[in-house]
Structure formats: C-alpha cells, structure tokens
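Q: Below are the chains, spelled out letter by letter.
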Amino acid sequence: MVSLADSPTATAPKKRLRTGGTLNRILMVLLLTVVTIWLVVPFTMAVLWSLVDPETGWNYPDLLPPSLTVLRWVEVWTTTALPQAIANSYMLAPTVAVVTLLLASPTAYCFARYDFPGKGLAQVATLLPLVVPGFVLAIFFSSLIFSLGIYSRFLSILMAHCVLFLPYAIRIMTVSFGQVRQDLIDAARDLGASPFAVFRAAYMPALLPGILASLIIVFIQSIEEFAIAFIVGAPNFTTIPSILYSYLGYNFIRPNAAVVSLILVVPNVLLMLGLERLLKSANPAQMGGKG
Amino acid sequence: MTALRSIDVSKVFEDGFTALSGINLSVEPGEFVTLLGPSGCGKTTLLKIFAGFYAPTTGRIEQNGADVTNAPPEKRDTAMCFQSYALFPHLSVAENVEFGPKQNKVPKDDRVKRVNELLRQVDLEANRDKLPNKLSGGQQQRVALTRALAMRPSVVLFDEPLSNLDAKLREQVRREIRSLQREFGFTAIYVTHDQSEALAMSDRVVVMNGGKVEQIGDPEEVYQRPETAFVADFIGSANLLPFERVDDHTVDTPLGRFTVDDPPVADSRFLCWRPEAADYGVSEGENVVASDISERAYQGAYTDVHIAVPGAPDQRLHWPGSASSMSDRVTFRLPPDRIRFVRGELG
Amino acid sequence: MTWRRTLLIVALLTPGLGVILVMIGSVFYVAVMQSFGYYNLVGEDSFSLEHWQKVLDSKQFSRALSYSAYIAVVAAIGSVILAYPIAIWLRRPFRGSLVISALLKAPLFVPGLVASFLFLNVIAFHGIVNQLLMWIGATDAPIRLQNDRGAWGVVFLQLWKNLPFALLLLTGAVQSISDEVLDAARDLGAGSFDRFRKVIAPLTVQAMQASLIIIFIGAAGDFAFQVTAGPTNVQSMAQYMVFLKDSFGRWNQAAVVGVSLMGLALFGSLVLAVLARVVLRGGARW
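Chains as they are written, first to last, in my numbering: chain Z, 1 to 291; chain H, 1 to 347; chain V, 1 to 286.
With the rest of the complex left out, here is chain Z (with noise of 0.2 Å):
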C-alpha cells in the first residue's frame, strides 16, 4: 500500500547532507522545467479559460484571451446542475468518509493487534476492490442494486464508496491501532483508568493523526470518484465529476469545462497539503518509548 508521506530518510550524524554539485543543479534546472510544464503550464491554461470573456472568446492567434471576465463563472453557476452537483458530492463524501471510518476501525484494531491464522491472506483480501477495474465493478454494482430492488442513488453510492475505499481506511487505521502503545494501556489501567479514560489517555493520541488522514484521503476519493458516481447515479443524481464528463464529452464546452476542473481540484489539493501538514507534524505517539 502507499504510505502518504514520504518515508523519512534516517541519516546518522555522521553523513553529511549531500548539497548539489555541478550535475545535480543542472538536473534540479532540467527538472524543473519539466515540472513546469508538467503542471504550471496546464493549470494556467485551465483558470485562463475558466475567465475567458464569451463576447471576445480566446482564438487563435491570440496568445493570452484579449480580456477576462468572471462571467463564466456566475454563467455556470446559475444556469447549469452545478450547484446541486456540489450539494451532491460534499453531502455524499462527509457521509462516505464517516461510515467507511467506522467500518474500518474493528478490522484494522483486529489486524494491529491480534495474530490469527490466515492474517496474511486477509490482510491481502482487503485490497481486493483496488484490483477491480472501476468501470467493471461501476456497472455490475447497478446490476446487483437493481436485481436488489434498493432505488436511492445516494444510499448506493454510499455503498459502492464505502467498499471501493474501505481499503485506504483499514490500511491507515492498522498503523494506526499499531502504533498505541501498550505500556501506556497498561499504564492507565495501573492508575485505575476507566474504560473510557484508557481509550483517551493511551488509543486517542496515537489514532487521532490516522482518523484524520482516513477522513480526509477518503472524502477527496469520494468526491473525485468518477466511474460509480457516472454509471449509478445517472442521469438523476450529478456529482461534479459527472458534470465535467459532460464538459469534456461529446458536447465540449472548454471555459466551462475548467470552471467545472477547478471547483473539483482545488479544494481536493489544499486538503492534501493540510494532510501533509498534519503527517509531519509530530506525533506524541511515536515519540519516546523503543521509538
């Protein structure tokens, strides 16, 4: 499984930081400008198009549009399914993120800390929707709903997402149980600790940063998930993804299509980066001890 941060690179004191020489600035120069186009480029392009004016559009020759306007913007908003698209997915995502949490939690309790026979094998299993092409398991999942005679599309939704993602929410959530320390359990309960005290004391401080990364990694799946958003809720129920196919396919309409873009990725990458932040923060958990 992918583990989010970057694995921290142990170096003993005595290795010193390599700091770049001749050929590694170059690289660095030469990555760089691979990384500018790899991503300032397009998303530059991208908002340069969600605020073309309509009355002078973005033609060719042209290199930058002539001017820009936030028309499109208000356009898109008022006369389009957008806003009940956005209702759609941040009410659908909040909702997937919970309850895949809270199925996750007893099976990732039970792989951090009991041994049984066969750990292995489950511990594999669990990653069995990741191996399921997404279109596959989209379309025969309506079949399955349909043959079950259960009519909400968000109810369904909910199902399909809980089980697509429950594989990143049981993944995080084992290291996470992993990482309660029992000294301290037996700690709490030697200072006669009630239950719900020794959940606070010795399983809070260690679970608190892997609820929050299970939350947030698994509502930004939800919201981006395209395959059973398109197949299960169409036409009735719209999420935004569903509405930039409909941008981007057969009826391409290019500034909407980015204002649609960004509404969907923006907010996905200031939760990565908040994410990140909380990864490197330290966590009192995995400090002292054998740590």
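No wet-lab data here; the hints were simulated from the structure. Fair warning: there could be bad hints in the mix.
To be verified - Here are the simulated DMTMM-like cross-link-like pairs (lysine to aspartate or glutamate), alpha carbons at most 20 Å apart as the crow flies:
| no. | chain 1 | residue 1 | chain 2 | residue 2 |
| --- | --- | --- | --- | --- |
| 1 | V | K105 | Z | E276 |
| 2 | H | K105 | V | D179 |
| 3 | H | K75 | V | D179 |
| 4 | H | K102 | V | D194 |
| 5 | H | K75 | H | E62 |
| 6 | H | K75 | V | D194 |
| 7 | H | K134 | H | D123 |
| 8 | H | K108 | V | D194 |
| 9 | H | K75 | V | D183 |
Starting from the structure of chain Z, add chains H and V where the hints point.
A: Okay, now just chains H and V, sitting in the frame of chain Z:
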C-alpha cells in the same frame, strides 16, 4: 615501496565541516595499522578516502607508488569490511563472496575454487546457501570479511567491524581477523574507537583527534610514551599535572618536586603518569608522594584510588591490593623513567 | 485458539473485510452470471453461451482487448522505467529534493477527468504545444494531437498520472537500501549500471511488482482518458462495455466484456509481475 600513502590529505565537506586536515600516513605492505580516535575525529572519512568513496579536498593518495587519488572505489585494489557488514540481503553466502570476483571477470572455475576454499577456511561451508539474515552476527561478520578477501585485495579496510558484536565474540573475531591477516599477508587499515582493540591488534596505531593525527607509533609507544595530553587521556587513563621546570631533570608540581629522566621540552604542557606506574608503599627517597585518599572503588584486580591534592584534581592510582587493607592515606613513589611530558590541551 | 477468541476476531473482521468480500464477491458473481444469460433485467433467465459467442466473434472486441492491453503494458512499464532513475536520484536527500518529489507527485491528487481536461488544453489544435511547434518552425500547420490514431495522447496521460505512483512506491523501496550495501557493491567493483542491475533492482523488485500490477489494472480499465483524448477508431474495454450497456441495454454482452476485462487485468498484471521477477533476479533463486 609503501602499500598505501596519504600525502597532505585534507577533506572539507560542502557544508563547511573540516573532517581532515594535513594527514600524512604511509602504510607498509603487510602492516596492520589502526586509526584510533573518538567519533567525529575523521578516522572513517580517512578510510573512505583510502577506499575511494570520498575524494580528498587537497592532497594525494598513492597505492604502491601510483597516484590513485581520483580512482573510484570500483577501480581500486582495496576491499572494505563495513560496520553494518553490508551483505547483499538477496544473495546467499556463496553468492555474496562470489560478487567481487564476478565483477572483476575472474573465470568461473577459478572463481568457484576461490570461493570454496575461502568458505572452508573461515568455516562457513555449511552455510554457503543460506541468506545473510539467517546467520548470527559473528557469522555475518565472517562472510563480510570473506567477501572482501575473495577480491584478493592488497589492502583490506575495516570500518569498526566489531562494534555490532557482543564482548566475548568481539575478542574471538578479533583474533580471527589477525590470524587471517597473517595468513593472507594483506595490508590492513582498521578503524576503531576502542583503544583496547587498537592496542591488541595493531602493528602501528594512528591516534586521531579533530581531523588531525595526534601520534603515530606502535601500541607500546602510544601507551607508554604519549606525546600529547589527548593521546595520554584517550588511551588508558592518565594523570596530568601542571609543572614548573627547575632544570633539565627536575620539575615542581602540585604533588611535589620530581626528578625525571626525559627532560621537558619547549612546548611541553603537562607532566603525565599512568595510575599503575607508581611503586606503592615506598616512603623513602626521591619522587615520593604521600596523600589523603578522597575516594576508592574496588575493581577486582586492583582498587581505583583517588587522591586529593590542591591544584591537582583527579589524580588516581591503581592500588594492587584490596580496598579493606588500605588506610586513609597512601604513600607511593613515581620512578623517574615512567614520567613523561606531553603537549597539547586537556580534552 | 478458543471459540470465544475466534468469534471475536470474526466479529471484528465482519464490518470491514466481510463487507468487502460480500460486495466484491457479489459484483463478480453478477457479472459472471450475466455473461451467461442470468440476472436479466428484462426477459427470462437461462443459461446461454450466445453472448460470449457474439462478443468474441466481434472485431470490435478483439480490437478493444488488444488496445487496452497495449495501453496498460505501455503505461505500466513506461511509468516504472521513468520512475526508477528519479527514485535513485532522490534516494539521498539534498537541497530541494523534497520540493521536487512533492511536485512530481502532485498529479497523484489530480482526478483523471481534470487531468484529461488540462492536457487537452495544452495539445489542442490551436493549443500551446502546436503554437510552440509552429513558432520554432517544426511544423507549418497545427498537428492533430488530440484523439490521435497512435493513442499517444492517452499514453502521455497514463504516464502523467501513473509515474508519480510508481515514484512513490519505488522511492520508498530504494531509500530502504542502506548506503553501506551500495558502497560495498562499489567497493567490490560494481559500476553504476551493475549496482542497479545486481543490487538495487533485485532489492526493490516487490515495490516494482506492486507498481506494475496497480498501474496495469488501472490503465487496462481506463475510461476517462480514452473517451476524452483517445483515438476515435478504437474503443478501450471499459468504453466498449459502457457502450454495449448504453446502446439497447445489451447487459449480457457488457458482462462478457467486463469479465474479459477482469481476466485481462488479472492475467496481464500477473505476467508482468512474474516477468519482472524473472528478469531482475535472473530466475535463479526466487
């Protein structure tokens, strides 16, 4: 011809840290030389410069008279034994040993023969197909040494090879290394911070501190005739006293007036004597000291006795008897031939 | 193990692992059964090989299968090949290395559809790439880069999206090799290529296999990139499956394609994984 030689070598890392300055060292073929010093003294940096992992900032490295300063490690006739053993975890014992000869394009028959012979010599035949993590620490250490020897290097470089072993095993492996070295006749440069290891193994000891060489000499020399306060203090324990010169063979110290054989020189800073150098119970004649005991600690073979004299803190001596047979006062004599003068500062 | 303990473990596993097994199992079951004529939304259920026959006989299917396999292989191998040198370069931290690795990994967090859109802007007929090409005189007229027949657009998008993933896994694996082990290889005469082939690659083979498998499966089942940037004369498996379902509700045939796609994902990723191991470890010991 010298096997390995560093000429005026210094190393400044890119962050400005000066690890070595002005190192001149010549190692004779077949010699066992130890680089001894506390961590951060530059001994491992020097070893890595000999191996080719670092290029010196200034100065040159010569091997058998040829300049190898800019040769990368893969092109040098040196083999290294790493502190962590650095065995390839995905290769068996035999494959680890075969790695070097294979890289050097030794024909297959020769290679196999060489590997088999070596494994027999170090008693690892039974483990030849095991992966390194299935072996004990001592066995892993032996594989690492065998892997280095399979290169038939003229110089073997050891980077604190025993620091991950427990005390008993350490002594055994130490003897093994020394006997293999005599048998194969390779030149050895051995980095350690353990002074007893250095004294026990080496033909010559290079004591280093702060990126500089403090003293080079055979084990007896560096122990009995330290030249600097650092060497005296780092190897074994030493009593250092400030002194005032009266004439060439007489000095005044807080412990009294002493007659000495070797006269102090211009840059001598301290008078130095070893705790076990004193003749106990002698109360007549020159160089006799009588003092109150401030502290005593029973050590089994001797009793560590601290004496308190104003102006001379931390003077100690090894009383050969048991603690209970002592009174609160001690009298001893320092023979003139066992008194040294050292330069340098107190660490 | 006492029965109480067993019961406890089963109870703990049920909401997580249990739900996964039941859901994925039933989806798989429905897909397979539908491909054989069961679970029809309209009409009678009956066993039939007709759907398999129809699909397997169609030229569209074989084209879609080989196209998806092609894209998946190129995406998986290409990402890993590009990621390895960068991972090795970033093995030891240096000034700026964290920034670089963060920037390189950014596409991980850009949803596929957004990636498509960003990319389309850049390579559009009058997009920046074409303008640049014309400006430097490489071409007189804009080149058709979007929906090109060679599927270069899709390949580029796959690499853009998957390279960071391979980089994430490989950086972790490469960083876990100790400096001394690499120094030892050098000391024993291994140059940089030999160090890669004989030490780094064998020691990171698991991370590489994981990258290959996950990227292969994702690319084989791709829909978004193909629909927006892919060639119009061929469909990907997922696209073909959705097309069958949407046009006249040919669910059973869609099921055949779906099951085949799962087969492709499983088979292809296993072949790649085994291949990686055999190539990197010489097949001798492992």
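Q: Quick one, are H:K105 and V:D179 close enough, alpha carbons at most 20 Å?
A: This hinted pair is violated, its Cα atoms lying about 25 Å apart.
Q: Take the C-alpha atoms of H:K75 and H:E62, compute the straight-line distance between them, and say whether it is at most 20 Å.
A: Given that 20 Å is the threshold and the Cα spacing comes to 14 Å, the pair holds.
Q: Given the hinted pair H:K75 and V:D194, is their Cα-Cα distance within 20 Å?
A: This hinted pair holds, its Cα atoms lying about 14 Å apart.
Q: Are the Cα positions of H:K102 and V:D194 separated by 20 Å at most?
A: With Cα atoms ~11 Å apart, H:K102 and V:D194 stay inside 20 Å; holds.
Q: For the pair we were handed, H:K134 and H:D123, check the Cα-Cα distance against 20 Å.
A: 16 Å, holds
Q: Can you confirm whether the C-alpha distance between H:K75 and V:D183 stays at or below 20 Å?
A: 13 Å, holds
Q: Has the given pair, H:K108 with V:D194, been kept, meaning a C-alpha gap of at most 20 Å?
A: Holds: H:K108 and V:D194 sit about 18 Å apart, inside 20 Å.
Q: Has the given pair, H:K75 with V:D179, been kept, meaning a C-alpha gap of at most 20 Å?
A: 19 Å, holds
Q: Is V:K105 close enough to Z:E276, meaning Cα to Cα at most 20 Å?
A: 12 Å, holds
Checked against the numbered hints given earlier, this structure breaks only hint 2.
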